[in-house]
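**Q** Going letter by letter, the sequence shown gives residues 0 to 341 in numbering that gives the first Met the number 0.
The set of hints was computed from the structure by calculation and includes no laboratory data. Where hints are given, some of them may not hold.
[To be verified] With a Cα cut of at most 30 angstroms, we get these calculated DSS-like pairs of lysine-lysine:
(1) 135 <-> 196
(2) 196 <-> 311
(3) 135 <-> 300
(4) 262 <-> 300
(5) 262 <-> 135
(6) 262 <-> 184
(7) 184 <-> 311
(8) 311 <-> 300
[As the list claims (entries may be wrong)] Estimated spans, in silico, between C-beta atoms of each pair:
(9) 187 <-> 134: 39 to 47 angstroms
(10) 161 <-> 134: 30 to 38 angstroms
(11) 239 <-> 276: 26 to 34 angstroms
(12) 295 <-> 178: 19 to 27 angstroms
We put the beta carbon where it would ideally sit given N, CA and C, even for glycine.
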Amino acid sequence: MLHECNSGYLLVLVLALLYFSASGNLGNWEPREYGTPTRYDFANQQQQQRQQQYEQRGRYGAQNRPYQQQQQQQQQQQQQQRQPPLYNRVASGGMNYESTEELVVDRKYRRREHETISNREQHKCRIWIPTETVGKYEHASVIQTDQANQLTSIELCCTGYSATRLRGVTVCRPICGCVNGGCSKPGECDCYEGFVKNDNGDCVFACPLGCQNGRCYLDGSCECDPGYKLDETRSFCRPICSGGCGNNVRHNCTEPEVCSCAKGYQLTDEGCQPVCDPDCGIGGLCRDNNECDCGPGYVLKDGVCQFDCYQKCNNGVCVSRNRCICDPGFTYHERSTMCVPL
């Protein structure tokens, strides 16, 4: 009886071992306290890990913040070293500039220099005058003032150009006595469409709008009056001098059988001589094309041969190297060495 009980007990024990071995719970079994769920422990552990990582990142960022600022400063310095300076030298003084403020001043100077070039294209010039005479120059713009010497730099139209206000802007236009045309430069005329230049340089009607010294027909042809013939362009009638006026460019056939001095020349005892406007002065000789040749001791200034003196003598005549005679209505100013309006 006892032997049968022991056999049954052993059989139950063997079956139990086989069951736990098949389910895999026998090797992983660990004792734990009653009432503590496994899922809750896992969630709490993840939260603690995240908190530790956050604290570590905060400490790392605080420790490395000075290092990051140092890196940014080094990068900015490297970029500044790569960029070339705006201007290393000043055009007028030639001194090296180091501070940022002076570089900006130099840049502004270069901009003013560029404006001077564009103003030359607009036929504007700059001169220094006494500050008290600025109001006497109409349509002039003040550029710079030298308070120490009481001088002011102004910008106005160059010689041979007149100032005209156009939409609030001063425009410099060339001066010439041009009829039926426009002035391309001082003393030179470009004819409008339908007009041509005759031998005297005047703009006259071109056929069919008109036929000077002839008749213009509806078909555009021009029939010249007696004593005239069509020119090469067949635009106007030219007078005929049967004997010719020679090959001298100073002579023109101005009327039938009449030779006269060409435009820019006048008749003297020596024949047709060039005339310069303005006159070359006592120290110069007028040549063709309204040009002056100055003699020794004279220089060409504003189209006139004047003494080669140290004084500027604007609005006056230099009679020696150190003496000016001002024009009527002007007086000599010692600081500017010029003749200024009274």
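**Q** Is residue 262 within 30 angstroms of residue 300, Cα to Cα?
**A** holds, 24 angstroms
**Q** For a C-alpha distance cap of 30 angstroms, please report whether residue 184 and residue 311 respect it.
**A** holds, 26 angstroms
**Q** For the pair supplied as a hint, residue 135 and residue 300, confirm whether the alpha-carbon distance does not exceed 30 angstroms.
**A** Between residue 135 and residue 300 the Cα gap is close to 23 angstroms, so the pair holds against 30 angstroms.
**Q** Confirm or reject the claim that residue 295 and residue 178 have a C-beta distance inside 19 to 27 angstroms.
**A** With a Cβ separation near 41 angstroms, residue 295 and residue 178 fall outside 19 to 27 angstroms, so the hint is violated.
**Q** Go ahead and decide if the range 39 to 47 angstroms is satisfied by the Cβ distance of residue 187 to residue 134.
**A** violated, 33 angstroms
**Q** Just to be sure I understand the hint, the distance between the Cβ atoms of residue 161 and residue 134 should be within 30 to 38 angstroms; is that true here?
**A** The hinted range 30 to 38 angstroms is violated for residue 161 and residue 134, with Cβ atoms some 19 angstroms apart.
**Q** Between the alpha carbons of residue 262 and residue 135, is the straight-line distance 30 angstroms or under?
**A** violated, 36 angstroms
**Q** Please work out if residue 196 and residue 311 have their alpha carbons no farther apart than 30 angstroms.
**A** violated, 40 angstroms
**Q** Quickly compare the C-alpha distance for residue 135 and residue 196 to 30 angstroms and report which way the hint goes.
**A** Status violated; Cα separation ~39 angstroms.
**Q** Between residue 262 and residue 184, does the CA-CA distance stay at or below 30 angstroms?
**A** Given pair residue 262, residue 184 holds - Cα atoms ~18 angstroms apart, limit 30 angstroms.
**Q** Taking only the CA atoms, is the gap from residue 311 to residue 300 under or equal to 30 angstroms?
**A** holds, 10 angstroms
**Q** With respect to the beta-carbon atoms only, verify the hint that residue 239 and residue 276 lie 26 to 34 angstroms apart.
**A** holds, 30 angstroms
In this structure, the earlier hints numbered 1, 2, 5, 9, 10, 12 are contradicted, and the remaining ones agree with it.
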